[in-house]
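Undergrad: Given the coordinates of chain A, assemble chain B onto it according to the supplied hints.
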Amino acid sequence: MVAGSLDGEILMRAIWQDIRFGARMLAKHPGFTTIAVLTLALGIGANTAIFSLVNQVLLRRLPVQNPDELVVLRSPGPMRGHVWSDGDEAQSFSYPMYKRLRDSNGVFSGMLARFAIPASIASRGQTERGSGELVSGNYFDVLGLHPTLGRLFTSDDDRVPGAQPVAVLSHAYWTRRFGGDPNVLNQTLLVNNAPLTIIGVAPAGFTGIQIGQAADIFVPLMMKGQMTPERNGLEEWDNYWLAVLARRKPGLSMAQAEAGINAAYRPLLQDQLAQINGWDPQKRQKFLDKKVLLVAGAKGRTTLQNDSGQPLIALFVMVALVLLIACTNVANLLLAQGAARQRELAIRAAMGASRGRMIQQLLAESLLCALAGGAAGLLIGAWLMNLLTPIVASNLSVKGLSASLDLGVLGFAAGATLISGVFFGLLPAWRVTRTAVAQTLKDQATTTSAGTSHVNARKMLVAGQVAFTLLLLAGAFLFTRTLWNLRKQNLGLRTENVVTFAISPILNGYDTSRSIALIDQLRARMAGVPGVRAVGTSELGTLTGSDMGSNVTIEGSKDLAAEDSHINFDPISPGYFSTLGVPLLSGREFNEGDGPGKAKVAVISEAMAKKYFAGRNPLGLHFAFGAGNDTKPNIEIVGVVKDVKQDHVRSADLPYIYLPYAQQPTIREMTFYTYTQPDPLLAVSALRSTVQELDANLPIFGIKTMERVVDEDLFGERMVAALSATFGTLAALLAAMGIYGVLAYLVVQRTREIGIRMALGAETAHVRLLIVKEVGTMVLLGVAVGLPLAYGLARLSESLLFGVHASDPTVYALGLALIAVIALAACYIPARRATRVDPLVALRYE
Amino acid sequence: MADANGTLIKMQGVKKVFFTDEVETHALEEIHLEIKKGTYISIAGPSGCGKSTLLSILGLLDSPTDGNYELNGQPVGKLTISERTRIRNREIGFIFQAFNLIGDLTVYENVELPLTYRGTSSSERKQKVQNALERVGMAHRLRHYPSQLSGGQQQRVAVARALVGDPLILMADEPTGNLDSKNGEAVMELLRDLHRNGATICMVTHDQRYANFAERTIHLFDGRIVEETQEARVGAN
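Chains as they are written, first to last, in my numbering: chain A, 69 to 914; chain B, 46 to 282.
Same shape as in the complex, but just chain A (with noise of 0.2 Å):
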């Protein structure tokens, strides 16, 4: 036990002088300790900033209590009736599906179901967009939630639908909105037109089971009707709409928990399919054979993880190659150093010292410089989150996303100095503690010129880097070309000078007539506003991914597939396509007279008529939503237009139908277009100021300009090829950097086989091709890694890409002309160096 602890003390004392000793030689060599520290504080940096965001959005766990236990409910298989999806259709449900899997089954401890909706927030004389949800009243017991005020909702809230006017605020929202007045309780909301009572307001740090949105309040879902005016349809089975959790019992597995499940489906499905008609036999039973699958529910519903998980996993593994090439730099920096304390490290070995004991004093003093790299890296982090995470919040519209340091972000900033420090240490440790004692000792003359052998480590990790480089250059190529490409897009619509924004009466108590009229009069306003040139509105927001479609029956097509007989629709305003700047290919646009009462009429896209009309003029032909012998077609084509980008700018361009908004049944919202000169954006508080005069409690919501749109749609493509070019240029000059070093102390070394050379009839030339030579080798070595690598992260990224593929020739042409570039570059100086070697001087070396 003595013994014991005396060795632990003599090895705290050595690592302790190895600690101080380190400190002495990084501050020994100012220069070295500066270029490492600055190269791994870029890496580490830009990874923190990275991680930051992989972390909150891919990683983060659900700050429930033992997230682990909970699953999200999938059902894939057929489906009749509405059906709402935010990505995956397969995990909504209706309220009687749920209600009756919550109570008839034996393997979950609970079971939560939830619908995020848009909210129009009055409270305190003001009326803000917002966003809810609309949740069972086990939801927070489920996810084992305790209020911060008041109380949360209970299955008493569950009971009688319309009869449970109250609402839980979000932290943040009672935070923001309320300055955290404890007096808020038993406050009323008028919410969607309904009034609300506050009852609670949930937990600090929670904001939803869905990571990127964060509701501001929770209302239950037995409102469903007051909060959704449209549509309410809490007890249709065939209404699918409902987001699935539930908490597995303890001890049981997925698998046991999927069996016991599926046990009460069966039956509930063989009920629901008792009132479906109209399907075949083998649709029936396609639609009794559907399971219920378990996935995974520690991180909530992953719309916004499948989303952009790809994007950030592409950076990641970029950004993941800067910091090994900015550690490959610094271990090339340590073997240069080390072959210069060789002597040193013999004397050491001389004296006792064993191999192992030598290479914990050089770690000692990568670890060092590794921790001075972290603590600027984890700066540089800081400013890139606070950089970055504001930009992706707003462009994506996800919320919850924070810029701030928090422990798994410290941790992941620490692990990475670690491995950093060990990976860019260990190898020039091991190999300067190699020498062999005596020869380095005996001062004896050497009858050869220095071999390069030893320095042959460093060109192996200067390939490296070039492999890695080629890696992020072809990357930065392929995801900048998509870049180009989809900014070149033609998107069938003008984006210059217009400005839009978006209303939601529905929500604030209007009815589609009263909608309607507001629409109306809103429009004839606008178009008086000095600037203004046009107005055009549209339910959906264009370019903004949203889409509203329905099977159609197509007169004179009959018996139309399936997957051709979905179309998408969007209920537009007469000057709409002139506003946006859509060429109509024939017939007309519509106009006021396209109203209420009025015959149904439509405008088609031009690959619908293609699609559908080929070799006939679709003017004044009809088609209907809906499908089967009952449907007869009665909405007339009364005009054809150029195609458009409809959902995004990487859309196909596929078959639209353009509705009269006057003619719709119920208006959600409407987005508004104005073509304005001059500027745009002198026109917004007039527009702004317009609907307030009309209505001074509706929110305008999304005011920008429709550039800005197709800025956000292409957001994602955006910051990868910002980021991948930003990469791809810090990991060339990291790789300069990595040559340059080489082949400077290569000169250094072989100035006296140069002087050699050269005594024997060396020209300039010769001596620049030997240079060129060693760096020709370094890059080829690389070229030869780095290529099949580049072309398999390539395939892997394909469906990032767009017009332009894995297998593009020009993007790895333009890498390796890049590589070459900096090869040559790099080798400018050492090899101008070697070529001014004087033979004389270098031949004194003996």
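Calculated from the structure, these hints are not laboratory results. These numbers were taken from a predicted model, which means no experiment stands behind them. For every residue, glycine included, the Cβ atom is placed at its ideal position computed from N, Cα and C. The reader is advised that the hints may include incorrect statements.
[Claimed, not checked] If we take Cβ atoms under 10 Å as the criterion, some of the chain B residues that face chain A in the derived model are: (1) I126; (2) T130; (3) I132; (4) F141; (5) D149; (6) P159; (7) T161; (8) R163.
TA: For chain B alone, kept in the frame of chain A given last:
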């Protein structure tokens, strides 16, 4: 080509001054020297007398501060660096005290080097390298690296490298300086054999025994030629 008298090297009033900060060091003063083709000349003298400086100027590795130097009838004082390099490559063969072989190249590659810079074809190079190595008795070590050879063997390879381009003159700077006496003798015998076969050799040595291998010896002291021995005395054993 040597002039009508067979003079290969002609130096008149050559001076070499090194300027270091504010100090002028006169390494050579008023050197007048003629070397005829086929001569074996040694430059002897104590350490620091200017022997190596003279050899460097003779070998076009350095330029005189003053005076005239004609090599093979051509004044070399105003040649460009490139022209001097070409002359070194084609007309001069160097043998250094420290052998100066390149560690990363094999024996074959080391010997081949001057021919590579000359642009000689591969087949011709191969033949010449083989011949040169046979002349010095090292043809059996083609694939060896310098570090795998003894000092004597390394110097033989260096001699082969000096010979391989059929130079007008061999410049040997203390060729035995890094060898033991046995290997030193062997190298000197080799040089004598080469001379007997017509080679012109200019050798720097501070060892009188080896100086005696030459048929003509000039003695330097403080940068000046102080004595010249015209008759070579053969054998030092």
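Undergrad: State for each hint whether it applies.
TA: Hint check:
1. The beta carbon of B:I126 is positioned within 10 Å of a beta carbon in chain A (closest approach about 8 Å), and the interface hint is therefore held.
2. The interface hint given for B:T130 is met, as the beta carbon of that residue sits about 5 Å from the closest beta carbon of chain A, less than 10 Å.
3. The interface hint given for B:I132 is met, as the beta carbon of that residue sits about 9 Å from the closest beta carbon of chain A, less than 10 Å.
4. Restraint check, B:F141 versus chain A: the minimum CB separation of about 7 Å is within 10 Å; hint holds.
5. For the restraint placing B:D149 at the interface with chain A, the shortest Cβ-Cβ distance is roughly 5 Å, inside the 10 Å limit, so the hint holds.
6. Proximity of B:P159 to chain A holds as hinted, the smallest CB-CB distance being about 5 Å (cut-off 10 Å).
7. Hint status for B:T161 relative to chain A: holds, with the closest Cβ pair at about 8 Å, below 10 Å.
8. Interface hint at B:R163: satisfied, since its Cβ lies 7 Å from the closest Cβ of chain A, which is below the 10 Å cut-off.
Going through the hint list in order, the structure satisfies each hint without exception.
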